[in-house]
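**Q** Fit chains B and C to the given chain A structure using the hints.
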Amino acid sequence: MSSQEIPEENLPEEQGAAHDAVDKAHADPFADPGLPAHKPRIQDLDERAAKRSERTVATMFLLSMLATVGFIASYVIFPVDKIVFIFPFGHVSALNFSLGLTLGLALFLIGAGAVHWARTLMSDVEVADERHPIEATPEVKAKVLADFADGARESALGRRKLIRNTMFGALALVPLSGVVLLRDLGPLPEKKLRKTLWAKGKQLVNMNTMEPLRPEDVVVGSLTFAMPEGLEEHDEDFQTQIAKAALMIIRIEPDDIKDKREREWAHEGIVAFSKICTHVGCPISLYEQQTHHVLCPCHQSTFDLSDGARVIFGPAGHSLPQLRIGVNSEGNLEALGDFEEPVGPAFWERG
Amino acid sequence: MKKLSARRRHPLAAVVVLLLALAATGGLYAAFAPASKAQADDTAQSLAIDEGKKLYSVGCASCHGTGGQGTTDGPQLVGVGSAAVDFQVGTGRMPAQQPGAQVPKKKVIYSQAEIDQLAAYVASLGAGPVVPTKSQVSPEGADIAKGGDLFRTNCAQCHNFTGKGGALTNGKYAPDLDGVSEKHIYEAMLTGPQSMPSFPDSTMPEKQKRDIIAYVKTVNGSEAESPGGLSLGGLGPVSEGLFGWIFGLGGLIAVAIWVAAHTAKAKKS
Amino acid sequence: MSTATNTPGAAAPGNRKAPAGERVADWADGRLGIYSLAKSNMRKIFPDHWSFMLGEICLYSFIIIILTGVYLTLFFHPSMNEVVYHGPYEPMQGIRMSEAYASTLDISFDVRGGLLVRQIHHWAAVIFLAGMFVHMFRVFFTGAYRKPREINWLFGFLLFVLGMFTGFTGYSLPDDLLSGTGVRFTQGAILSMPVVGTYISMFLFGGEFPGGDIIARFYSIHILLLPGIMLGLVVGHLILVFYHKHTQFAGPGKTNNNVVGMPLLPVYMAKAGGFFFLVFGFIAIIAAIASINPIWALGPYRPDQVSTGAQPDWYMGFAEGFVRVMPGWEINLWGHTLVLGVLIPLVLFGVILGLLALWPFIESWITGDKREHHILDKPRNAPTRTALGVAWVTIYFVMLIGGGNDIWATHFSLSLNSISWFVRVAFFVGPVVAFVVTRRICLGLQRRDKEKVLHGRESGLIKRLPHGEFVEVHEPLSPEMLHTLTAHEQYKPLEIGPTVDENGVERKVSRITKVRARLSKGLYGESSQIPKPTAEEYKEITSGHGHH
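Protein chains in written order, with the numbering used here: chain A, 3 to 353; chain B, 383 to 651; chain C, 51 to 598.
The following block holds chain A by itself, in its conformation from the complex (with noise of 0.2 Å):
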């Protein structure tokens, strides 16, 4: 876009207008009638209202100066762990409260003390001050372009290509440095996202009790949350294990499972779904048990239990996982593989 574009028609006409605005003063009703005379306050007439003005402004710091001692006191007499009933706010810490009124007065004070006397006792006169173009003068400009000129003749950089080549190339390269140090800040992704800790022979162990689940434990219409055995709250990667791990475990009646392979996969209607959300991985698990949809609280993909948990509503993309799951020789619950898709939030190499 070039300035030699815009025609001159398209600039407000006022920009001629101003100029001669002087000579055309009588003639234009809407000329700038220019600042409006000062008119003084009270205080600028009344030295009583002033120093009315004044004891306010006094009395103001002094009053934060109380605050200030106020502050100190409650810091020493309020028990960190006080609380009290205030009204309206409820059974608050005596402490927090006392320490934010009294540092906030003693601040507020300060301020509309400052305000008052900028606005009562000081000069209200307003005044104007010149505006100067930003751009430089054509003078300076032709100067500094012609310094510029100077300097860059002087530094040879335009006629020594060799240097002037191998510099960019050099400051190009030495920036990979810092990208090669950051690669160790993880490791690469390879299979990580596909593989959770289930496995063949894995019990589900119930996240209540820390029991391994029994098939007759699970009733039709109760939601119990189940883990990997052998996976403990204290394990160095517990957080991370269970971010992939947590499984929703419900009871549906066989017949009323629509999808064949949910059927096959479950046991006698229990069935296991991953309980992390395959748009972005909350932990999803607002399970309407009347009619086996489940919420997820992050962003509300909804879910249909009974059938294949596909998605009825909400932005995730496809459906959650199931476990295979079956009974052992002791009656428990246990896995009969790991998920057969990766659990959680779709990926680009998910596929």
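No lab work stands behind these hints, which were simulated from the structure alone. Where hints are given, some of them may not hold.
[As the list claims (entries may be wrong)] Keeping only pairs whose Cα atoms sit at most 20 Å apart, straight-line, the calculated PhoX-like set for lysine-lysine is:
hint : chain 1 : residue 1 : chain 2 : residue 2
1    : C       : Lys582    : C       : Lys571
2    : C       : Lys582    : C       : Lys428
3    : A       : Lys41     : B       : Lys516
4    : A       : Lys53     : B       : Lys647
5    : C       : Lys582    : C       : Lys500
6    : C       : Lys502    : C       : Lys542
7    : C       : Lys420    : C       : Lys94
8    : A       : Lys143    : C       : Lys542
9    : C       : Lys428    : C       : Lys502
[As the list claims (entries may be wrong)] Here are some chain A residues the structure puts well away from chain C; computed CB gaps all over 10 Å:
hint : residue
10   : Val82
11   : Leu101
12   : Gly113
13   : Val146
14   : Asp258
15   : Asp261
16   : His269
Beta carbons: idealized from backbone N, C-alpha and C, even for Gly.
**A** For chains B and C alone, kept in the frame of chain A given last:
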């Protein structure tokens, strides 16, 4: 009664109590219990069932069927147990007023005695979870912190961190737990009313339910501590953001208007 | 004063001993040249208007955040090492948590005043972002971003965006269940990026989610990297404000070549300095009475736990809304997954914010106006710009509703799903309606201004004419008002002119010029502004009154 309540902590309590309830109408019960007491219980029980049946046929049968078999307007009640009746009627949800996404909590219209009779009648229709005793629901001596952990695993996803409630699909919701009695919280976990799944003793033992109740009673309700000041509904960033915009920024703009305003000019006298 | 400046301190003849303050100033001047600096700045003029103080609210809350933030770092442990809590807060006794969470509990319950400082820090952050938003739109709607202030607009925009991310990383630091859920969302969103998503996720988190590094990494980003950049931008922003001098609204005596107001010393210094204390005090009082982010009620983060009402702080709600109402589109092809359901919201988030950043350049390209602008527009006098701004704000707030759809659902007894559908529709319809309505309102106000200029102000006095007709007396406006209401500029739409020149040769008009002409017509065409009254019209009507 102590002996009985101790037994009720057993995972199979529901079955046992069911057996006891059945036995009340049959002769079998007499063989296990002291005769005189059994006689009294027996009569009281059957009396309650009779009274309950009368109440049932007036207030409930139109939707749930004359024998609790259910109709298109209401689910079957055979096997829901006395706990379900005590919860639904005791919180005013039943009798339902009008159809909607969810039956809301209302003013309770039956007395506790009538509710007990209704519960006895429904329990007589088929085995189901039983109304808990006082000691079963008492938060006394429970582990509040453990309850908090359990609450965040099992309950917070619908009821929010401190039980303030939350939205479910299509207009359904998990209600605020403020003011809900210990007994009713317990019964809700046991029976899973409406959309809520149940948390039976087999997967969440009675002790854990008490822990949860203790936690809810600590962090929810008008007596709950909010050290930082107004809890703003305990809803998190949405209410905090609104407060910050309206009172925080709004207040500061009001201050700014004062700071920038022209001071009053003296009137010409 | 002038004698002292003219006399070099070192060589000062002993005829007069300057006061101590002056001697210190002399000392500094000899090394820093402060007198020359003060000459142009000490009595610098600042115009008074409440909306010019919005930026100050932001500046002061930023300073408050830095002050309180430094205090918090003294007690906070940015570590994800697991500890078992044994502090005073009973509902967490014996619970396993990260050190970050435990130290935040300690700040709240063990350190006297720690809770207050935490709350001041967080409230100030909420207000900082809200203040920047309102400040930015004050600048937008009054056209204060025009030359020479485009770069400062960009600085401000960057501050807003960086503020969002600084806020986000800060709110994640306590490692509580709510913020951890937000971090999980971030990780899921990163995964959705084609090709590089999994790599960025692994590098950012030091492995799989959540790993043991993210809190420490967010910590250095939150307290060093982002605030460092922001501090630089704030300083640059302020230097430019000083350098450009403040804009002002049109009015008597106010021209494009002057600035009317009070001098920095003393009035503005007292007002601005006082306002810092007012802002700090006000936020401290809010922190005393209202709880924010009570992390003790939320519990430590566990990737398998969650609570309903999982929202980010308000300034991220815009992104949250997009993510919530987006349909779950996912494309699987050739062994790869394109997660449009997450990717599109991320892109829209960037694009919609970016439009705002680019607007000054778009507008100046359309107008072709290369002049400096120091007189502010009244929003009504730039109807299309105002309407576009309101449309943008509408999208923003519609998405905020989407981001809190579950809370609106429970508190207004609505269906979550209906709200999501409403937001989906409103995303498209809302800005259009807002645009049309706002423009009409602006044009209506322009008409009213014109009416007022030409026929005077309605006085409320009813006069009965000799033949019985009742008329309201219109008082003519003062010259000040007449000037103020007509001082604004009106652009004429760009005309391409005839496509054939006078010799009958076809004139080439580039497509870009055509687009510009069309946009220019949209902005300044007949339907986009009411021609302001001319002096001739005014004279004709006022002289006509005499004949009446």
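**Q** Now tell me if each hint is right for this structure.
**A** Hints and how they fare:
no., hint, result
1, C:Lys582 x C:Lys571, "holds (17 Å)"
2, C:Lys582 x C:Lys428, "holds (14 Å)"
3, A:Lys41 x B:Lys516, "violated (79 Å)"
4, A:Lys53 x B:Lys647, "holds (17 Å)"
5, C:Lys582 x C:Lys500, "holds (6 Å)"
6, C:Lys502 x C:Lys542, "violated (23 Å)"
7, C:Lys420 x C:Lys94, "violated (26 Å)"
8, A:Lys143 x C:Lys542, "violated (32 Å)"
9, C:Lys428 x C:Lys502, "holds (16 Å)"
10, Val82, "violated (5 Å)"
11, Leu101, "violated (5 Å)"
12, Gly113, "violated (3 Å)"
13, Val146, "holds (18 Å)"
14, Asp258, "holds (23 Å)"
15, Asp261, "holds (18 Å)"
16, His269, "holds (22 Å)"
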